[in-house]
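Participant: Below, each chain spelled out in residue letters.
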Amino acid sequence: MMSITFHQAVFYFFSAIIVIFSILTVTSKRILRAATFLLFVLLGTAAFYFILNYAFMGALQITLYAGGIVVLIIFSILLTSHVGERFEPIGWGKMIASALVSLIGAGFTLYVLLNADFIPTQAPLPDASVKNIGTALLSYERNGFVLPFEVVSLLLLAAIVGAIVIARKEPHDTENPNNE
Amino acid sequence: MTYSIISIMRQELGLVVIALLVLFFDLVVNEKNKQKVFLIALALFGLHTLAGFFPFEGGNLFGGMYSTQPVHILMKNVLNIGVFLVLLMSASWLKTPQIANKSNEFLMILLTTLSGMYFMISAGDFLMFYIGLEIASIPMAILAAYEKFKSRSEEAGIKFLLNSALSTGFLLFGLSLFYAAAGSIYFDDLTRTLSQPSPLVALALTFLLSGLAFKLSLVPFHFWTADVYEGSPMVVTSYFSVISKGAVAFVLGILLFKVFPVFEGLWQNVIYTLAVATMFLGNLFAIRQKNIKRFLAFSSIAQAGFILLGLLHTDNLGIIVIIYFVLIYILSNLAAFGVAQAVYAASGKENIEDYNGFYKTNPRLALIMMLALFSLSGIPPVAGFFSKFFLFTAAAKAGYYWLVFIAVVNTTIALYYYLLVVKAMFINPNPEPLPTIRSDKYLRSALFITVIGIFLTGILSPVFEYIQAMVDKF
Amino acid sequence: MWQDITLQDVLIVSTLMFFSGVYGFLTRRNLITMLMSVELMLNAVNINFVAFNYFLHPENMHGMFFALFVVVIAAAEASVAIAIIIGIYRRFKSINIEDVSNMKY
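Chains as they are written, first to last, in this note's numbering: chain V, 255 to 434; chain F, 2 to 475; chain R, 953 to 1057.
These aren't lab readings, by the way, just hints derived from the structure by calculation. Accuracy of the hints is not assured; some may be wrong.
As the list claims (entries may be wrong) - DSS-like cross-link-like pairs, simulated, lysine-lysine; straight-line CA separation at most 27 Å:
| no. | chain 1 | residue 1 | chain 2 | residue 2 |
| --- | --- | --- | --- | --- |
| 1 | F | LYS398 | F | LYS442 |
| 2 | F | LYS291 | V | LYS423 |
| 3 | V | LYS423 | F | LYS424 |
| 4 | V | LYS283 | R | LYS1045 |
| 5 | V | LYS348 | R | LYS1045 |
| 6 | F | LYS424 | F | LYS33 |
| 7 | V | LYS423 | F | LYS35 |
| 8 | R | LYS1045 | V | LYS423 |
| 9 | F | LYS361 | F | LYS291 |
| 10 | F | LYS291 | F | LYS398 |
| 11 | F | LYS350 | F | LYS151 |
| 12 | F | LYS33 | V | LYS423 |
| 13 | F | LYS398 | F | LYS361 |
| 14 | F | LYS37 | R | LYS1045 |
| 15 | V | LYS423 | F | LYS442 |
What the hints assert, rightly or not - Restraint ranges, calculated between C-beta atoms of paired labels, are given here:
| no. | chain 1 | residue 1 | chain 2 | residue 2 | range |
| --- | --- | --- | --- | --- | --- |
| 16 | R | ARG981 | F | PRO200 | 47 to 53 Å |
| 17 | V | SER407 | F | THR97 | 57 to 63 Å |
| 18 | F | ALA52 | V | VAL384 | 40 to 46 Å |
| 19 | V | PHE362 | F | GLU433 | 37 to 43 Å |
| 20 | F | GLU354 | V | PHE362 | 43 to 49 Å |
| 21 | V | THR290 | F | LEU40 | 47 to 53 Å |
| 22 | F | GLN469 | V | LEU410 | 20 to 26 Å |
| 23 | V | PHE260 | F | ILE6 | 28 to 34 Å |
| 24 | F | GLU58 | V | ARG422 | 53 to 59 Å |
| 25 | F | PRO364 | R | ARG981 | 47 to 53 Å |
| 26 | V | PHE362 | F | PRO262 | 21 to 27 Å |
Ideal Cβ placement from N, Cα and C applies to all residues, glycine included.
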């Protein structure tokens, strides 16, 4: 039996964090805790990226995901929920059915993935430096990503305009919940 | 290079320019003239639709990330026709006081989602496909939630967004497995490297198909459809059920025929099962519906099941019949939605029993509705008969006689519930029928176009031959 | 560096994460927690892409770029979702899906 190297120890530590906190995120009874657990999962993922040498991806994960999306989620939680509010327990039947579906799905997927004959490559690792990433993002040759880079801005524009339209208050808005 | 980009991507560029112009005009015109932006948008989009029919050469751009061929242009043109009709029908709704102050944003978002469908159809790799799909679905949630003075509308928006995010998750998981198997996200690399089926590819295909089945609301992934369709504004419902469904059907065809033809054996059984389940359940649920929007929602689920039949004939004929079917489906379904829209705008009613005695007061609208329903169910001599007939022929040529038999049985079931609506309009007595409705000129011209289309696209063979010629250049 | 980690280990983590997201989506009734479950799923997919890129296909950076765009789009999705959720909260004073649902199935 081989001993566990330092690298593996670090990797397993972050794996444990990700798996445990993923499960806690979806089972926690308090919404703010769930959001915090989600933050841990996302930070663990960022650590994965750093371990795999994708420093840019890791930085993006921390700034955009952990820093942006989670903060957005926590904001909206504070706006919409009472602190310390607990969820009502879900019915056993539903919980067991959902757990079964997820477990079967996970088991089946893992069975296929672990039995697939992935051929580990001997090719040199990608040079994911910021310079290369920037060049590829603006290249219109093969393996260049300028088209998606530009097109995604359309989505962002539509999302901004739409979010403003939906969230802004309007003169005829009333606070009456059953106003049809 | 630069000029070729402009000429090859002209449809996308034109559409994006129109969308941005709408936003720009909305910023610069004064409060009084905001409504006029609609006319500009309508005129520009009409020109854009016409311009799409001018022949020009296709090509690949960005190292294969974007590719357009006559068949892609044809698909975009079909969607354009539908969107033009939807725009015409939305005129009166956009003038209602609660919507008027955000009508131009509506146009801009609507056109952006259409551009997403364009990019999705023209995608040469999984990344563009995914981004196009998301542009076509995230802003769509905003459109569904647009009548935010109604609680049901916001509910429809969030339900659509969350369900579409779930389906995207599945789709992406599948895409990541394809990437693992092929080492590239370009379609041409994929067809080259993936030559034989493996469990990994089968799993990837399962994830991908279930993600797309969500978007196409195939049984058993249909549970979100009825709520979203009922809650959304009528215009958006018609857009959902016709345009976005048509776009996803096109993309499914392109993916299965051009990217995964090697795995025919794998996906054909899945498509077969999905088709049978979708036709039966869609129809059985449609019978029970009392609300016209829900009714049309479930009937559109069943129609999506019919579209799948075309996917089983894996050569050009399959694509031809799908395009033809979607074109006629757009015309017929939009005619039905147009009448429902007129009724809703005039009276706020959307239950089927409100249509009792409709013929007495509104003979013309009732006739249009009848025509649309006949076309949806496939009664000769209207166009729907021909599109269904060709679809069944394609499936039969591929050897799926049992499936064709099941489809014919389902056509009969569908005929029953479409006739129930016709019966309500023409025969059922009603002491207080709906008042005579006078719809605005936009809606009337839209209905006029659909009626002409329903009659002519079936009888005129040039339409079918045109589609055939375009697809054969693929 | 880090050659003593295997692809299979990473895949186990990402698959478990993905399906805990699915479980959360199926059981949660609060709209924000449903959104969080979806974020978990997307994150798992990102790990997949990056890991496949690193272990199997380092000759190009497709996987990393795909993950990058998924993050961008997830952010747009979350912002739209939260705009709608806040609108719903204003109206219903609740963001539980049962309280929101007034349509019959």
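Participant: Against each hint, give a clear statement of whether it holds in the structure.
Facilitator: Verification of the hints:
1. F/LYS398 x F/LYS442: Distance ~45 Å between F/LYS398 and F/LYS442 Cα, so the pair is violated.
2. F/LYS291 x V/LYS423: The given pair, whose Cα atoms are some 34 Å apart, is violated under the 27 Å limit.
3. V/LYS423 x F/LYS424: The hint is violated at about 45 Å.
4. V/LYS283 x R/LYS1045: 20 Å, holds
5. V/LYS348 x R/LYS1045: Holds, at about 26 Å.
6. F/LYS424 x F/LYS33: 45 Å, violated
7. V/LYS423 x F/LYS35: 19 Å, holds
8. R/LYS1045 x V/LYS423: Given pair R/LYS1045, V/LYS423 holds - Cα atoms ~16 Å apart, limit 27 Å.
9. F/LYS361 x F/LYS291: 21 Å, holds
10. F/LYS291 x F/LYS398: Not satisfied, since the Cα-Cα distance of roughly 38 Å exceeds 27 Å.
11. F/LYS350 x F/LYS151: 15 Å, holds
12. F/LYS33 x V/LYS423: 21 Å, holds
13. F/LYS398 x F/LYS361: 45 Å, violated
14. F/LYS37 x R/LYS1045: The hint is violated at about 37 Å.
15. V/LYS423 x F/LYS442: 32 Å, violated
16. R/ARG981 x F/PRO200: 47 to 53 Å: 36 Å, violated
17. V/SER407 x F/THR97: 57 to 63 Å: 32 Å, violated
18. F/ALA52 x V/VAL384: 40 to 46 Å: Hint holds: Cβ distance 42 Å, inside 40 to 46 Å.
19. V/PHE362 x F/GLU433: 37 to 43 Å: 58 Å, violated
20. F/GLU354 x V/PHE362: 43 to 49 Å: For F/GLU354 and V/PHE362 the Cβ distance comes to about 47 Å; the hint holds.
21. V/THR290 x F/LEU40: 47 to 53 Å: Holds: the Cβ-Cβ distance is about 52 Å, inside 47 to 53 Å.
22. F/GLN469 x V/LEU410: 20 to 26 Å: 40 Å, violated
23. V/PHE260 x F/ILE6: 28 to 34 Å: 51 Å, violated
24. F/GLU58 x V/ARG422: 53 to 59 Å: 46 Å, violated
25. F/PRO364 x R/ARG981: 47 to 53 Å: About 49 Å separates the Cβ atoms of F/PRO364 and R/ARG981, which means 47 to 53 Å holds.
26. V/PHE362 x F/PRO262: 21 to 27 Å: 26 Å, holds
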